[in-house]
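Undergrad: All chains, please: the whole structure from these sequences, using the hints.
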Amino acid sequence: MTYIVKPVNHHPNLEKNALGLTRRDYEGTISTLCAGCGHDSISAAVIEACYDLSLASDQIAKLSGIGCSSKSPSYFLNQAHGFNSVHGRMPSVATGANLGNQDLLYLGVSGDGDTAGIGIGQFMHAARRQLNITYIVENNGTYGLTKGQFSATNDQGSKSKYGEENVLAPIDLAAMAIQLGAGFVGRSFSGDKDQLVPLLKAAMKFKGFSLIDIISPCVTFNNHAGSTKSYDHIREHNESVSSLDFVPIGQEIKTSYKEGSIVDVPLHDGAILTLEKLSKKYDPLDKGLAVQSLNEAEKNGKVLTGLLYIDPEVKDHAEILNITDTPLNQFSDQELCPGSDKLEKVNASLN
Amino acid sequence: MDTKYLFKRHNTYWVKVAVPKDLRKELGFDLRTSLHTHELSEAQKLREAVVADFKSQIFAAKENLKDSNGKNSIKTFMPVTDTSDPQYYHKVVDCQYACPAHTPVPEYIRKISQNKYTEAYMINWESNVFPGILGRTCDRPCEPACRRTRTHEKPVAICRLKRVAADFKDDVSDLLPKAPEKSNGKKIALIGGGPASLTVARDLIVMGYECTLFEKDPQAGGLMRTNIPSFRLPVEVLDAEVDQILNMGLKTKFNSEITSLKDFLKEDFDAVFVGTGAPKGKDLNIEGRKEAEANIHIGIDFLTSIAFEHIDSIGKKVIVLGGGNTAMDCCRSSLRLGAEDVKVVVRSPFSQMKASEWEIEDAMEENIPILENHVPKKFIHEAGRLVGMEFQKVEAVFDKKGNRSLVPTSEDPVMLECDDVLVAIGQDNSFEWIERDIGLEFGEWDMPVVNPTTFQSTHPKVFFGGDAAWGPENIIWAAAHGHQAAISIHKFCQNEDINDRPSPGTNLVSQKMGLHEWSYDNDISQAKRFLVPKEDQDTALKSLKIEVEKGFDPSLAMEEAQRCLNCDVQTVFSESLCIECDACVDICPTDCINFMFNGPEDEVRQNTRIPALNIEQDLLISKILPTKRTMIKDEDVCLHCGLCAERCPTGAWDMQTFLYEEAKVYS
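Sequence order for the protein chains is A and B.
Under the working numbering, the letters of the first sequence match residues 1 to 351, in that order.
Under the working numbering, the letters of the second sequence match residues 1 to 667, in that order.
Simulated from the structure, these hints should not be mistaken for laboratory data.
One thing to keep in mind: the hints can contain errors.
[What the hints assert, rightly or not] Derived lysine-lysine pairs resembling DSS-like cross-links, with alpha carbons at most 25 Å apart:
#1 LYS187(B) with LYS251(B)
#2 LYS262(B) with LYS302(A)
#3 LYS6(A) with LYS528(B)
#4 LYS6(A) with LYS512(B)
#5 LYS262(B) with LYS216(B)
#6 LYS154(B) with LYS6(A)
#7 LYS8(B) with LYS262(B)
#8 LYS4(B) with LYS187(B)
[As the list claims (entries may be wrong)] Looking from chain B toward chain A, a few residues come up when the C-beta cut is under 8 Å (computed):
#9 MET558
#10 ALA583
#11 PRO600
#12 ASP602
#13 GLU646
[To be verified] Residues of chain A clear of chain B, computed beta-carbon distances all greater than 10 Å:
#14 GLY96
#15 SER190
#16 ASP283
#17 GLU298
All C-beta atoms in this analysis are idealised placements derived from N, C-alpha and C, irrespective of residue type, glycine included.
TA: Following this line, the structure appears as structure tokens:
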């Protein structure tokens with residue numbers, strides 16, 4: 001908890017984006033999470049990404065379930081729409097909202113309990129349906145809100161704060177999402193904004209289901225020696241597969257990379273993702289290799305981070321299901337209820 | 001007002017360029033030099049060449065450093081900040097650092113917000129001896145330095161809060177130090193009864209010295225009594241604070257002007273302190289001066305005569321010549337003596353007037369017109385009586401070297417009627433009473449050569465301070481000089497090395513009370529600077545004795561005190577506790593904190609989250625952290641809100657109050 005009100009004052013030289021807004025304009029209320037919580041860093045990264053992309057807050061909907069992670073949408077974008085749903089049911093609400101209005105950017109914020117525990121069925125179907133959402137999992141491997149029990153993503157052999165060892169194998173949400181057909185799957189670490197912010201920007205611009213599984217240490221219950229989701233452990237075992245640069249449409253690619261290590265991935269709206277492969281063996285466009293690498297890394301106790309898999313050709317649910325482009329709230333009564341003549345015609349066509 | 005690289009010392013403009021940290025061993029904290037000018041515009045023109053020269057010196061030193069590091073190790077790193085150096089955290093407390101007497105400003109403002117006026121008063125009294133006087137008259141070097149000028153707009157009304165402490169304090173007589181029962185047998189003479197001498201007396205009496213004050217006037221106080229009108233500084237306030245020192249056991253010899261230092265040195269004193277001020281007002285010798293003499297008065301003499309009630313009236317039409325604070329006091333005093341038409345006439349443009357902004361405002365509020373760009377040509381007199389003055393209109397023109405000249409315009413001379421003229425065009429020192437053959441050297445501008453640290457002249461027994469040392473300045477400088485001179489006199493009398501200066505007292509205390517409890521008020525007030533209530537103008541103008549400013553009442557004082565950012569509550573960082581979770585970076589409202597790779601200063605300053613371009617403000621550099629990064633904090637616009645410490649899970653950040661007490665002879 002923080003009891004000090006964050007002063008409204010900002011640095012006199014704070015820059016403004018294309019909308020004339022500063023980074024501070026994308027903030028939410030002050031966090032009530034524990035001091036040092038990885039989730040707060042993720043909130044800061046979301047703020048940074050939305051500011052960089054000059055997104056209008058009223059074109060964004062934040063959706064979440066239950067848990068420490070699901071509280072965090074309060075702490076960013078306080079001008080955006082928001083829905084704090086039932087535990088594990090955020091994907092259903094997101095699906096409904098998405099069917100009603102495709103124009104909004106949907107930011108789903110969930111945790112390892114909300115997603116890999118109670119809500120895993122919802123999560124799997126959302127991925128399978130290619131729901132157009134940026135699905136952020138703030139993954140700390142523990143139930144922080146109920147005092148530190150192991151969650152379903154906690155690694156086998158990892159120890160709780162009280163010394164108990166986890167005997168069950170973890171669920172790898174990234175590998176699962178790839179196998180279920182998600183078009184954009186990344187993994188990152190709350191303590192590495194250089195990697196996280198461009199990854200978030202790319203995910204927000206991706207049309208279809210994009211998952212970012214973010215290891216986010218729980219300072220209170222899962223940041224001790226013996227934990228595999230502590231700041232120290234992740235820093236030691238982090239193996240980044242790619243370095244990412246998100247280039248919006250119309251902007252020149254400026255970063256210089258070593259020849260031969262670059263993959264440019266065009267996104268739906270013409271923006272370009274520039275990927276620098278940090279490992280020769282890795283190819284984020286190769287689904288099989290991605291899953292295989294994740295399995296190997298897990299065996300070796302490594303945490304693979306970066307953009308793990310991308311399929312730029314994937315179709316999102318709206319395209320697959322051929323849903324109307326116009327948000328439902330923009331239809332007139334006449335269009336929504338066209339009268340008995342139309343009904344008769346429809347019925348006749350079914351004969 | 002563009003004062004980049006400029007600062008004012010002893011009424012003269014100086015250039016100062018900060019030296020990057022890695023070169024300080026070689027070049028010192030900053031490079032500075034006097035421009036030998038009182039004019040801002042002139043200083044602005046002159047500074048270019050000096051700044052360029054300083055920058056090339058810094059560049060050369062940097063190149064040298066690169067060479068000495070060898071070809072392969074060209075990259076330099078900013079050194080880890082040594083926070084055990086008292087000056088590091090002191091510099092963060094901008095107001096205290098700017099105050100010549102280094103008054104712990106945030107410390108006393110906090111006391112005011114706790115209604116502890118007596119404690120606030122005593123903190124002031126320790127540093128500057130005359131809180132009630134300074135709270136009304138100080139030149140306030142602290143206010144332009146206030147961090148609020150960078151984070152908000154207007155500085156905290158530091159000066160007027162000092163007055164609050166004096167206005168609402170209880171009886172402090174029991175709290176004041178007393179002379180020891182037995183004297184140490186050493187005798188000190190203080191020549192001139194102004195703030196510098198009184199400060200020396202206050203410090204030395206406590207140490208057991210027998211001090212004797214020689215004053216040419218019938219009362220002590222110096223310019224505080226003679227040059228500051230009582231509608232700005234009531235006599236009771238002045239008397240109270242002067243008496244505090246006289247009552248400590250200071251022997252006084254009033255109406256005793258010293259006319260020969262040579263003879264005086266033959267008397268039985270172990271050391272002599274000269275605090276005679278700058279008592280001679282400049283005259284204006286132009287046509288008609290002699291003939292109209294009866295109605296032409298020197299500004300400071302005029303004010304002195306009012307103070308001692310030697311005059312009580314003036315003509316109906318008065319012209320005041322000059323644009324400094326004395327001119328402002330002269331015109332406002334004239335109004336109160338019954339003048340009906342008072343004008344201030346200055347040679348320079350309005351924007352270059354030397355008077356403090358607020359004193360000009362006060363004069364203008366009393367509907368006194370200020371005519372700019374008018375150079376006096378002659379006094380006009382008829383039948384041996386002054387009837388007016390003639391002026392030439394001019395405009396300020398600058399040549400390539402930046403020298404200002406006032407070029408006459410083609411307009412006709414301006415004639416202004418008047419009954420009296422007050423000449424307030426500057427003050428000079430007056431050392432006719434010091435013989436030049438007694439081993440006391442005189443230098444530039446016929447001023448005694450005085451060591452700027454020890455205040456000792458080239459005659460070992462004679463010390464200088466206040467305006468007598470380097471020309472006209474403000475009371476706060478005199479107090480600062482007095483403290484330092486007292487240290488020197490003590491060391492001199494005890495046969496110690498006077499160049500060995502005592503270190504300041506410092507104390508660093510954590511403000512953490514509990515998990516989320518801090519023992520200072522870290523809420524950032526968004527209130528605008530409060531205005532000091534004033535006496536109704538019709539009433540105020542009726543008498544010289546009615547104080548114009550009424551001062552803040554306790555509730556206004558409380559609100560104004562809340563505006564203080566508590567810059568003395570320092571953000572103290574401990575590398576060993578940091579887990580690099582970024583919580584502080586994310587929460588900092590002004591983006592001061594960075595975790596980044598160290599490098600040369602200019603590179604680091606460009607690569608912080610928001611470039612740290614104010615090089616006057618230091619960067620706090622940590623030791624290298626486990627991820628090979630360094631914590632680098634830009635002190636420039638830190639609000640001292642404590643959110644970094646509040647959000648730190650391990651206590652690597654802590655908010656600690658830093659108390660810096662300038663060394664005194666008795667500490």
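Undergrad: When the nearest CB of chain A is found for GLU646(B), is that gap smaller than 8 Å?
TA: Holds, about 5 Å.
Undergrad: Are LYS262(B) and LYS302(A) close enough, with their CA atoms no more than 25 Å apart?
TA: violated (88 Å)
Undergrad: Does LYS8(B) pair with LYS262(B) here, judged by a C-alpha cut-off of 25 Å?
TA: violated (34 Å)
Undergrad: Under the criterion of a CB-CB separation shorter than 8 Å, is ALA583(B) in contact with chain A as hinted?
TA: holds (5 Å)
Undergrad: Could you check if PRO600(B) really has its C-beta closer than 8 Å to a C-beta on chain A?
TA: violated (21 Å)
Undergrad: Confirm or reject: GLU298(A) is not an interface residue toward chain B, with every Cβ-Cβ distance exceeding 10 Å.
TA: holds (24 Å)
Undergrad: Is the shortest C-beta separation between MET558(B) and chain A less than 8 Å?
TA: violated (19 Å)
Undergrad: Is the nearest CB of chain B more than 10 Å from the CB of ASP283(A)?
TA: holds (29 Å)
Undergrad: Take the C-alpha atoms of LYS154(B) and LYS6(A), compute the straight-line distance between them, and say whether it is at most 25 Å.
TA: At roughly 21 Å apart (the allowed maximum being 25 Å), LYS6(A) and LYS154(B) satisfy the hint.
Undergrad: Does GLY96(A) really sit off the interface, with its C-beta more than 10 Å from all C-beta atoms of chain B?
TA: holds (32 Å)
Undergrad: Compare the distance between the alpha carbons of LYS4(B) and LYS187(B) with 25 Å, and conclude whether the hinted pair is satisfied.
TA: Roughly 46 Å separates the two Cα atoms, so the pair is violated.
Undergrad: Would you check the hint for LYS187(B) and LYS251(B), treating anything up to 25 Å between C-alpha atoms as holding?
TA: holds (11 Å)
In the structure shown, a violation is registered for the earlier hints numbered 2, 7, 8, 9, 11, 12, 15, in ascending order.
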